[in-house]
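2 protein chains.
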Amino acid sequence: PLDEWLSPPFEPTVRGDDVFARGASDDKGQTWILVKAVEYLMKRDGRLPVNVKFLIEGEEESGGESIEGLLRERPPELASDAAVVCDSEMFAPGLPTICTGLRGIVYGELHVQGARQDLHSGVYGGAAPNPLMAIAEIVTALKNRDGHILIPGFYDSVAKPSPEEYEAWASLPFDEQAYLEKEVGSTCLTGEPGFTVFERTWARPTMEIHGIRGGFVGEGAKTVIPARAVAKISFRLVADQDPSRVLRQVQQAVEAATPAGVTAEFHLLHAAGPSLVDPANPFIRKAALAMEEVFGRKTVYMRSGGSIPIVGLFQDELRIPSVLMGFGLPDDNLHSPNEKFHLPNFALGLDSVIRYLERL
Amino acid sequence: PLDEWLSPPFEPTVRGDDVFARGASDDKGQTWILVKAVEYLMKRDGRLPVNVKFLIEGEEESGGESIEGLLRERPPELASDAAVVCDSEMFAPGLPTICTGLRGIVYGELHVQGARQDLHSGVYGGAAPNPLMAIAEIVTALKNRDGHILIPGFYDSVAKPSPEEYEAWASLPFDEQAYLEKEVGSTCLTGEPGFTVFERTWARPTMEIHGIRGGFVGEGAKTVIPARAVAKISFRLVADQDPSRVLRQVQQAVEAATPAGVTAEFHLLHAAGPSLVDPANPFIRKAALAMEEVFGRKTVYMRSGGSIPIVGLFQDELRIPSVLMGFGLPDDNLHSPNEKFHLPNFALGLDSVIRYLERL
Chain F
19 PLDEWLSPPF EPTVRGDDVF ARGASDDKGQ TWILVKAVEY LMKRDGRLPV NVKFLIEGEE
79 ESGGESIEGL LRERPPELAS DAAVVCDSEM FAPGLPTICT GLRGIVYGEL HVQGARQDLH
139 SGVYGGAAPN PLMAIAEIVT ALKNRDGHIL IPGFYDSVAK PSPEEYEAWA SLPFDEQAYL
199 EKEVGSTCLT GEPGFTVFER TWARPTMEIH GIRGGFVGEG AKTVIPARAV AKISFRLVAD
259 QDPSRVLRQV QQAVEAATPA GVTAEFHLLH AAGPSLVDPA NPFIRKAALA MEEVFGRKTV
319 YMRSGGSIPI VGLFQDELRI PSVLMGFGLP DDNLHSPNEK FHLPNFALGL DSVIRYLERL
Chain Z
19 PLDEWLSPPF EPTVRGDDVF ARGASDDKGQ TWILVKAVEY LMKRDGRLPV NVKFLIEGEE
79 ESGGESIEGL LRERPPELAS DAAVVCDSEM FAPGLPTICT GLRGIVYGEL HVQGARQDLH
139 SGVYGGAAPN PLMAIAEIVT ALKNRDGHIL IPGFYDSVAK PSPEEYEAWA SLPFDEQAYL
199 EKEVGSTCLT GEPGFTVFER TWARPTMEIH GIRGGFVGEG AKTVIPARAV AKISFRLVAD
259 QDPSRVLRQV QQAVEAATPA GVTAEFHLLH AAGPSLVDPA NPFIRKAALA MEEVFGRKTV
319 YMRSGGSIPI VGLFQDELRI PSVLMGFGLP DDNLHSPNEK FHLPNFALGL DSVIRYLERL
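Residue numbers (my numbering), protein chains in the order written: chain F, 19 to 378; chain Z, 19 to 378.
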């Protein structure tokens, strides 16, 4: 929605301490920190303290297939000890944050076919199958009202966070009531009973429906029983859930849950594995210390409920950990009108990356 | 879809024994039968055997509110002994048919509101409510997989067809396997166990979802949890179900079935009462005899699963029965490209209406 932008999205505009532009925070501004850090060290010392390779892609939001292909071919040039990815947020302004886990994803379409052609609900209602109702029946068979997923075997590889992670999360400044009121704005939070919000959004897998296509959704009343319908459904995965195994489990569960009169199939659109890094990893520890020096506060560890597929690939294909140092803020309006990057964070981030490279 | 018409829809074109045009069978051709029958008698005799009033509307497919308003005001001009409505089909070619029952309808929208704004399923999935999932949870709470509606009190006023109707239906030439394969084309028929197809489509109420709006249904994968979603849902009613009572029952059942974290409301779009006429009614008997003379076969009685709201209003407001003599054929492509009316049926229908008027 271009008209919601206060300044043109592709002409970076500084207002106050922020620069407003499409991708300012996610992820041009953050990528630029890495480039400028290396430039600074080269100018100052004429050399870098460690070998550095840049791997920059512009497709992350649309699948990222090119870089995945590159990585899977594993050219020797990619061999490294660790990766630095600046594509995450600080938990709160001024609070140096390292992300230690990302959820994976299995995103697909549930295709349901009923009658050969659309039917009139007056004439055929009562005898003909309804693919929209079938979708409702299938998805409620896959997940109950408590947010617990009923797919056999689905939770087998779900690991509990470590005691250190629980401790780190408990220390984060989090007000559940403010989160409900200001961020979500619903009558209450949902999800699996017995798990905290952090667990439910970072450390537990989920299933969500994103849209259901089929039939009539215009103004007024049309009495059609659609011949077919499609639901877009994603599963967020946590370590050690394997996307291809989950896909098979989902497909089998869909088959078992399909009501009489329709055929139903779950087709994969894309998948990515979850990833976890151990905060005790020396690269993470050094990054945390560098950030603590710059921000003057202890670095906190969080996970993200979202997915950055390249991190899973670094882990699985190159066997290297990713250091997710992020300098975005929760109110940066990622993917939205008036996306911004907080300029003081650019300076703090630059300093953090320089000190991190010097420590290695 | 204009390009599927073999001749322009608003230029009636005769091919073989059929005239092809939009509304040829539903309902211009059938209405014309009534006009021409009266014209014939006036020309032949200079007078009609009974008083005749024409009430013609062009809004039936889009709500028919004007004629409903007219009828509810009950101008004395509308007083009559019976109505003749030519807007139905013969059960099979050559088989004179009178429709003795129509289902009523309650058509509405289920509005569900979750979070204040659309949310990212990575960040909020696991804690935020999903209105699309809520719709699935609500509709599966309202109807089970057997097609049985679970709304308290919903079946209280559902009357069983009479023994005479069961007998009449049993005599209809009906091949369930051909119906499944040629008309519906699904893996099996659905609906309440223990009821025949005629009962399920003519004499039992139903609930159908016609479309679900909300979220993302374009190409590819967007990980949105929509803030709100709307499902279009209709209930077909049978005598003596009262639309306003059913609406209250549905609204209460929706309230009881609403999952945590969302608000849900069922808003009425339109409603019409079911209608039944007794085949023993003298107007029906005379119509049946007139048609038998013309077609040379015994008139059969069927019901229709659809709704013609004016028939319920004739019954409730004017206290008059409707004689539903129909001359359409099952393959007339109503509401579809290449709608046609079978010209021999025009002549047979004309003759039937003339003889009916003469008998009164």
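Just so you know, these hints were derived from the structure itself, not from any lab.
Any given hint could turn out to be false.
For chains that are exact copies, the list does not tell them apart, and a pair is met inside one copy or across any two.
Below, a list of computed lysine-lysine pairs in the PhoX-like style, where the Cα atoms sit at most 25 Å apart [unchecked claim]:
1. 240 <-> 46
2. 240 <-> 61
3. 200 <-> 240
4. 316 <-> 304
5. 46 <-> 178
6. 46 <-> 61
7. 304 <-> 61
8. 200 <-> 71
9. 178 <-> 54
10. 71 <-> 54
11. 304 <-> 200
12. 240 <-> 316
13. 71 <-> 304
14. 316 <-> 71
15. 71 <-> 46
Remember, it's a predicted structure, so these values are computed and weren't measured experimentally.
Going down the list of hints, with the structure as the test:
no.: 1; hint: 240 <-> 46; verdict: between (46 Å within a copy, 21 Å between copies)
no.: 2; hint: 240 <-> 61; verdict: neither (69 Å within a copy, 42 Å between copies)
no.: 3; hint: 200 <-> 240; verdict: between (38 Å within a copy, 23 Å between copies)
no.: 4; hint: 316 <-> 304; verdict: within (13 Å within a copy, 94 Å between copies)
no.: 5; hint: 46 <-> 178; verdict: neither (34 Å within a copy, 69 Å between copies)
no.: 6; hint: 46 <-> 61; verdict: within (22 Å within a copy, 86 Å between copies)
no.: 7; hint: 304 <-> 61; verdict: within (23 Å within a copy, 104 Å between copies)
no.: 8; hint: 200 <-> 71; verdict: neither (41 Å within a copy, 64 Å between copies)
no.: 9; hint: 178 <-> 54; verdict: neither (38 Å within a copy, 80 Å between copies)
no.: 10; hint: 71 <-> 54; verdict: within (14 Å within a copy, 88 Å between copies)
no.: 11; hint: 304 <-> 200; verdict: neither (35 Å within a copy, 71 Å between copies)
no.: 12; hint: 240 <-> 316; verdict: neither (60 Å within a copy, 36 Å between copies)
no.: 13; hint: 71 <-> 304; verdict: within (19 Å within a copy, 93 Å between copies)
no.: 14; hint: 316 <-> 71; verdict: neither (29 Å within a copy, 89 Å between copies)
no.: 15; hint: 71 <-> 46; verdict: within (18 Å within a copy, 76 Å between copies)
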